[in-house]
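J.: Number 98 in UniProt numbering belongs to position 98 of the sequence shown; there are no gaps in the numbering.
No wet-lab data here; the hints were simulated from the structure. Take the hints with a grain of salt, since some may be wrong.
Unchecked claim - With a cut-off of at most 25 Å between alpha-carbon atoms, the simulated PhoX-like pairs for lysine-lysine come out as follows:
{"id": "1", "residue 1": "Lys151", "residue 2": "Lys40"}
{"id": "2", "residue 1": "Lys18", "residue 2": "Lys7"}
{"id": "3", "residue 1": "Lys164", "residue 2": "Lys151"}
{"id": "4", "residue 1": "Lys18", "residue 2": "Lys29"}
Claimed, not checked - Restraint-style ranges between C-beta atoms, simulated for each label pair:
{"id": "5", "residue 1": "Glu16", "residue 2": "Ala38", "range": "26 to 36 Å"}
{"id": "6", "residue 1": "Glu15", "residue 2": "Gln143", "range": "33 to 43 Å"}
{"id": "7", "residue 1": "Asn129", "residue 2": "Lys18", "range": "44 to 54 Å"}
{"id": "8", "residue 1": "Ser178", "residue 2": "Tyr49", "range": "41 to 51 Å"}
{"id": "9", "residue 1": "Lys18", "residue 2": "Phe157", "range": "48 to 58 Å"}
Where is the CB? At the ideal position from N, CA and C, for every residue including glycine.
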Amino acid sequence: MKTVQFKQMKDGTQEEYKFLHAYEDQYAKGLPDRILEALKNLENTLSGYLVTRLEHSLQSATRAEADGADIEMIVAALVHDIGDDLAPYNHSQYAASILRPYVRPEVTWVINQHGLFQNYYYAHFLGGNRNERDYLIDHPWYQSCVDFCEKWDQASFDPDYPTKPLSYFEPLVREVFSREPFDSHYVGNQTMGKSAVDIALSGQV
């Protein structure tokens, strides 16, 4: 079989879906390469800062590593702005959805909320509420997100900071994004069919 025969999904057979699943599984193995390529493309996005978006991402990850963060949080710092091109108004959620199958829920939640928490540094200059994040103040991962933004995100626009190159972080990217998706060893007992992570993403405990 080279292609399925159905023209509507409801007409597919078990054999056809097993065939497609094998293709999709093989394609998914290329995810680390696509993540790295997407990071490289950040070199050409969003002008106006003293560093490129790629340099900002690399610097965030470099700072995270220097502070003793684990591999999941380092990779999260690296990819936290990967959605800027395709999701400029919800880039946090875009990045979180990419990370979700491979990291613990805390990391996913922090990345999902980092755009809101980052508003603390500038929203008041644009007529917004810099403290809007405080509706989540009782969430167990609130401080983790505050620290992510304060120590790594908002601080990483310095062209003179000794930032490590993408090649340095490549092995970490490959390790995280080559994991079995939704493996309970990494993400706990949440699976695609459960809503615990979705509840966490919404800001609820």
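J.: Work down the list of hints and note, for each, if the structure agrees.
T.: Structure-based check of all given hints:
For the hint linking Lys151 to Lys40, the alpha-carbon distance of about 23 Å falls within 25 Å, and the restraint holds. A threshold of 25 Å between alpha carbons decides the hint, and for Lys18 with Lys7 the separation of about 16 Å falls inside it, so the pair holds. Restraint check: the Cα-Cα separation between Lys164 and Lys151 comes to about 17 Å, which is no more than 25 Å; the hinted pair holds. About 17 Å separates the Cα atoms of Lys18 and Lys29, which keeps this hinted pair within 25 Å; it holds.
Between Glu16 and Ala38 the CB atoms are about 31 Å apart, so this pair conforms to the stated range of 26 to 36 Å. Distance hint check: the CB atoms of Glu15 and Gln143 are about 51 Å apart, inconsistent with the given range 33 to 43 Å. Look at Asn129 against Lys18: about 52 Å separates their beta carbons, and that is inside 44 to 54 Å. In this structure the hint that Ser178 and Tyr49 lie 41 to 51 Å apart at CB is violated, the actual value being about 32 Å.
At roughly 49 Å, the beta carbons of Lys18 and Phe157 sit within the given window of 48 to 58 Å.
Comparing the model with each earlier hint shows violations of hints 6, 8; every other hint is respected.
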